[in-house]
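Participant: Listed below, chain by chain, are the residues.
Protein chains: 2
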Amino acid sequence: MRSVLFSSFLLLFAGVAEAQSDSIFIRRIADEIFQKSTAYSNLFTLAKTIGPRLSGSPQTYKSESWGMDALKKAGADTVYLQKAMIPHWVRGGKDQAALISGKSRVPLAVIALGNSVSTKTGGITAPLILIHDFAELEKRKDEVKGKIVFYNHPFRADFVQVFYAYGEAVPYRAYGASRAAKYGAVGVVVRSMSESTDNFPHTGAMIYNDSFPKIPALAVGLQDADKLAAAVASQKDLKLFISTNAHALPDTVGYNVIGEWRGSETPVQFITVGGHLDSWDPAEGASDDGTGCVQSIEVLRSLKAVGYKPRNTIRVVLFTDEENGGRGSKAYSAAANANHEKHIFALESDAGGFTPRGFSFMGKEPQMVTVRAWVPLLNPYGVSAFVAGGAGADVEPLFESNGAMAAELIPDSQRYFDYHHAASDVFEKVNKRELELGAINMTALIYLVDKYGL
Amino acid sequence: MRSVLFSSFLLLFAGVAEAQSDSIFIRRIADEIFQKSTAYSNLFTLAKTIGPRLSGSPQTYKSESWGMDALKKAGADTVYLQKAMIPHWVRGGKDQAALISGKSRVPLAVIALGNSVSTKTGGITAPLILIHDFAELEKRKDEVKGKIVFYNHPFRADFVQVFYAYGEAVPYRAYGASRAAKYGAVGVVVRSMSESTDNFPHTGAMIYNDSFPKIPALAVGLQDADKLAAAVASQKDLKLFISTNAHALPDTVGYNVIGEWRGSETPVQFITVGGHLDSWDPAEGASDDGTGCVQSIEVLRSLKAVGYKPRNTIRVVLFTDEENGGRGSKAYSAAANANHEKHIFALESDAGGFTPRGFSFMGKEPQMVTVRAWVPLLNPYGVSAFVAGGAGADVEPLFESNGAMAAELIPDSQRYFDYHHAASDVFEKVNKRELELGAINMTALIYLVDKYGL
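Residue numbers (this note's numbering), protein chains in the order written: chain A, 380 to 833; chain B, 380 to 833.
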């Protein structure tokens with residue numbers, strides 16, 4: 380009995396000492412990143428000198444070269460490209476819209492949604508019908524024919540986590556066109572997926588249902604959405620003019636950019652950390668998702684800088700085409716399967732470089748128990764919530780097909796949709812310290828997973 | 380035994396039911412604020428139409444009128460002014476500095492520190508000595524005579540909470556001039572109290588030690604501080620030109636603006652919630668402390684809007700002169716003493732309108748036990764840390780002299796010192812949702828204190 384107690388005591392003591400050494404090591408990571416991080420300067424280069432990186436655009440390839448270079452500088456053993464066929468949709472010029480009432484013509488801040496077809500040359504003009512939600516569309520389906528449907532479905536301000544408001548509103552952007560086309564609409568204009576106080580229109584992917592005619596789809600800025608709604612409330616016989624040259628070209632070639640740091644004990648086991656390199660075209664793609672890319676690179680750079688030797692192979696992946704189809708994440712997961720790779724963990728950052736609040740995990744309950752024990756180690760760096768939930772589009776396939784635990788950094792969500800997919804998603808909206816604090820927590824988590832396994 | 384158990388069960392049940400009703404009530408507060416808050420539009424008016432509000436400036440009085448009006452609109456029973464004699468220091472024109480090396484003259488972004496004396500007309504030019512900290516000043520005291528001391532003491536990047544970095548660096552701003560004057564310096568230039576990535580100089584209060592000559596003191600922007608340091612490292616015989624017309628006028632009259640909402644049960648017991656109305660003069664004073672003012676007004680407006688009847692008298696106080704002497708908080712506390720008022724709680728918001736993380740309290744341990752039990756009620760709104768610590772300059776006197784528990788909202792600290800006391804502290808740096816989330820947590824806390832006491 381005594382020896383059991385004594386052993387337990389030793390184990391307990393060993394546990395406490397281990398936690399202390401982890402705490403000290405994470406403090407070293409934090410010091411390194413706060414004092415010498417290259418995340419912010421990397422983000423400057425990506426956002427300001429390359430800029431928008433829509434799948435298939437010339438910047439797609441410039442950003443791949445930049446990513447390879449940045450990963451080499453961060454100290455990756457091997458840097459390589461992984462091919463994926465990606466969509467190549469182009470905007471084809473400036474999207475336009477105007478509210479027409481009698482002889483007055485009020486221009487509106489609009490942008491075609493990703494994958495929208497073009498209007499006929501010179502645009503189309505049609506009567507306008509304001510629809511709040513799909514239930515109202517069904518009720519008023521007989522009024523829709525020949526009209527442009529304006530979905531004025533606002534973000535729900537009462538959700539504390541703004542991602543829930545996005546989830547609730549985004550079906551109007553994704554499916555609104557085909558659901559209106561079913562009843563004869565000739566175009567749709569969607570209230571932007573945002574609750575910003577400005578008038579930037581927010582684009583994003585939409586998906587046609589092949590059973591119905593493909594009609595052009597645009598998003599309108601929030602101030603102009605309110606202007607449209609006020610006009611509908613006070614006037615009759617309103618018309619809307621819309622014009623876009625958007626169109627799809629044949630799929631083209633894109634690449635995931637991968638930097639590998641070979642494990643010292645079990646190099647055939649993989650830990651992935653990444654963000655996506657592509658962005659929508661009006662934006663510099665700073666918060667979506669330049670921040671996730673540069674934070675992931677910083678994980679590698681900082682762990683090397685503090686002299687860490689990984690047990691497993693750590694891969695930093697800058698995914699291609701997250702925004703418009705997720706072809707990069709599918710290619711990565713498929714290759715992992717084909718090569719019979721063992722993936723133990725995959726982490727992404729794709730919710731902005733805002734101050735970190737927690738991590739969201741997809742995994743088995745014993746894995747959740749393991750990671751939850753680490754919360755006190757990250758707590759000094761602003762992270763307190765370790766929740767079971769989703770893990771982000773680029774790493775979820777590794778959970779589903781490859782058995783890895785998948786996770787995503789949860790930054791504070793209040794500002795993200797102010798800039799999301801809009802021209803306001805610029806470098807200046809990212810705070811250096813908040814970005815670094817996210818990188819510190821990501822690096823600490825990768826360190827703990829690598830050291831203790833899952 | 381059975382009846383005791385049964386009673387315990389009932390008590391437990393009553394406790395659970397009460398917590399549920401509090402949870403529902405706080406949800407109503409959140410809905411009200413997220414959907415109908417006037418905090419953001421109030422901030423717009425204060426920051427953009429009144430602007431900088433340095434003690435004694437014409438805007439001091441404009442902002443008092445604005446505050447009275449805003450408190451009436453929010454539904455205060457009584458709105459009144461409380462007199463305080465406040466300092467009246469004026470900048471007197473544009474502050475200037477230049478680095479002089481041979482025939483080259485490089486202008487620098489500078490601003491005189493609050494309470495600085497002027498240079499002689501036309502400015503002064505003197506050799507420059509770079510000093511990193513007070514220990515170095517003491518070591519090199521014989522080299523200081525006739526020179527301008529440049530304190531290049533940077534913020535410590537490794538502190539996660541940026542307020543600690545401020546606390547560590549701020550003595551150079553506050554006491555640097557007199558400590559250098561002791562050894563014959565003719566002026567000081569201080570590296571701005573910030574770790575922003577821009578070049579705005581940050582002002583703030585400095586204090587002369589009457590035992591030594593009063594010499595002019597300025598702050599320099601961070602980019603120019605680095606430029607100065609590089610010049611010192613690479614060149615000899617550098618001189619610095621500085622010029623300021625800053626000077627103090629006799630004290631003048633200012634006012635705390637107070638809005639009272641009379642309690643329905645114990646109106647002679649007071650709960651105070653406030654921010655400070657004054658600001659430094661280069662800034663719109665949006666984050667410091669327009670946000671605290673409009674959040675405090677929102678506490679009153681939202682509680683009235685959801686139909687709450689306070690037990691105690693709730694006072695919203697917009698304090699005068701927090702920045703340059705704290706005369707408003709002293710007047711408020713002194714009046715509370717003179718009138719034998721019983722103050723149970725005083726809350727301030729003066730750390731920016733950023734996403735809320737917690738509250739800091741000064742109080743007795745049993746009071747800490749009481750408030751900590753409320754953490755789960757605020758947790759859904761982003762607040763998890765209830766810490767014992769300071770409570771902010773405007774409410775601490777109520778703890779010290781009047782026995783109230785004092786507290787301060789803790790927003791995320793990463794961005795605060797980017798804008799603090801600089802021209803970059805503008806309305807546009809405040810996010811509507813983050814501001815409202817702070818107001819929600821403040822309102823919920825005031826509700827709980829009013830309902831349950833302390």
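There could be a bad hint or two in this list.
Identical chains share a label here; the pair holds if one copy fits it or two copies do between them.
[To be verified] In silico lysine-lysine, DSS-like type, Cα no more than 27 Å apart, as pairs:
hint	residue 1	residue 2
1	K808	K615
2	K415	K518
3	K618	K830
4	K606	K427
5	K808	K427
6	K451	K709
7	K606	K415
8	K524	K709
9	K427	K524
Hints listed in this document are in silico derivations from the structure and should not be mistaken for laboratory results.
Participant: If you check each hint against the structure, which ones fail?
Facilitator: Structure breaks hints 1, 2, 3, 8, 9.
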